[in-house]
Amino acid sequence: MTDATMNAVEKPRNQWWDVWAQFKTHKGAVAGLCFLVFISLFVTIGPVLWDVDPGKLNIRNKDVRPIYMWLFDSDAKIAWSNPMGTDNLGRDIMANIMQGGRISLAVGWTAMILSVFLGTLIGVLAGYFKRLDGLLMRFTDLVLALPLLPLLLVMMLLFRDPLRAAFGPENGIFILIVTGIGITSWMQTARIVRGDVMALKEREFVLAARSIGTPARRMITRHLLPNVMSPILVSATLGLATAIITESALSFLGLGFPSDFPTWGKILFDSVDRMTAFPERVIWPGLAISLTVLAVNYIGDGLRDALDPRIRGH
1 MTDATMNAVE KPRNQWWDVW AQFKTHKGAV AGLCFLVFIS LFVTIGPVLW
51 DVDPGKLNIR NKDVRPIYMW LFDSDAKIAW SNPMGTDNLG RDIMANIMQG
101 GRISLAVGWT AMILSVFLGT LIGVLAGYFK RLDGLLMRFT DLVLALPLLP
151 LLLVMMLLFR DPLRAAFGPE NGIFILIVTG IGITSWMQTA RIVRGDVMAL
201 KEREFVLAAR SIGTPARRMI TRHLLPNVMS PILVSATLGL ATAIITESAL
251 SFLGLGFPSD FPTWGKILFD SVDRMTAFPE RVIWPGLAIS LTVLAVNYIG
301 DGLRDALDPR IRGH
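Each step along the sequence shown adds one to the number in the numbering used here, with nothing skipped, and position 127 is 127.
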């Protein structure tokens with residue numbers, strides 16, 4: 001058998017391998033993926049390896065500077081047992097960064113999943129069912145016109161105490177923040193999915209499926225949703241970044257989790273008062289938020305290019 005014949009009968013390559021091959025060519029996306037994996041492992045496995053209680057107070061060991069500060073100030077109070085230093089109550093900053101990152105990422109992922117689900121559902125219904133399009137899109141325009149941050153602040157003030165009483169201080173605030181972010185950040189996904197569904201439902205394969213009596217539910221799940229996964233995945237990455245920033249903003253404003261339940265935004269808020277004397281306390285959570293959001297945005301750019309067949313073919 002000749003080489004040409006062997007190539008002709010070779011098993012077709014999986015489409016997702018082509019997506020990965022294109023994704024790897026985007027250096028920023030690969031770097032962002034590596035950092036997201038690193039920060040996820042840091043906040044999940046880190047507390048197991050760094051077995052320090054983030055809420056433990058040690059007044060005798062307060063205001064310890066990071067270990068690298070001896071390079072700049074020989075009189076700085078440092079301790080090798082606290083590589084990132086301690087705060088004004090003696091709590092270990094690295095343990096708090098790990099714990100805060102775990103909560104911030106949990107809020108980001110959960111709120112992103114909720115917003116993508118709502119946006120996809122509304123977008124598919126509006127794009128496929130013409131009688132629902134006007135109503136759903138006007139509702140989307142209405143939500144887009146609302147000032148989102150003041151709306152979230154009002155939701156926090158109205159529902160914080162009832163949810164805390166029903167589910168506990170931490171779980172109640174978690175549910176409130178995730179729900180608030182999720183129901184106020186689905187609109188862009190809905191618009192994008194609606195446009196793609198409206199274009200797809202006029203394609204030949206959809207018309208053929210409709211001609212043989214395929215029900216609407218099966219049409220959506222088998223023919224439309226698989227073909228709109230590209231914009232949904234890109235919207236998901238952007239939604240994750242938005243959720244992390246929004247949660248950090250709420251915590252920074254003092255409307256997030258309780259003071260003894262750290263998040264990156266809460267750590268940043270607690271560090272502002274002594275920012276001049278201890279700038280590293282602002283730098284650590286600020287870097288964590290900024291680099292994580294930047295990494296997620298780069299991943300979104302890489303996915304957009306990799307999932308676009310016009311680019312993937314080159």
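Keep in mind the hints are simulated off the structure, nothing from the lab. These numbers were taken from a predicted model, which means no experiment stands behind them. Treat each hint with caution, since some may be false.
As the list claims (entries may be wrong) - Once the Cα atoms are required to be at most 25 Å apart in a straight line, the calculated BS3-like pairs of lysine-lysine come out as:
1) 130 - 201
2) 56 - 77
3) 62 - 77
These are the hints, each one checked on the structure:
no. : hint      : in the structure
1   : 130 - 201 : 11 Å, holds
2   : 56 - 77   : 19 Å, holds
3   : 62 - 77   : 9 Å, holds
Taken one by one, the earlier hints all hold for this structure without exception.
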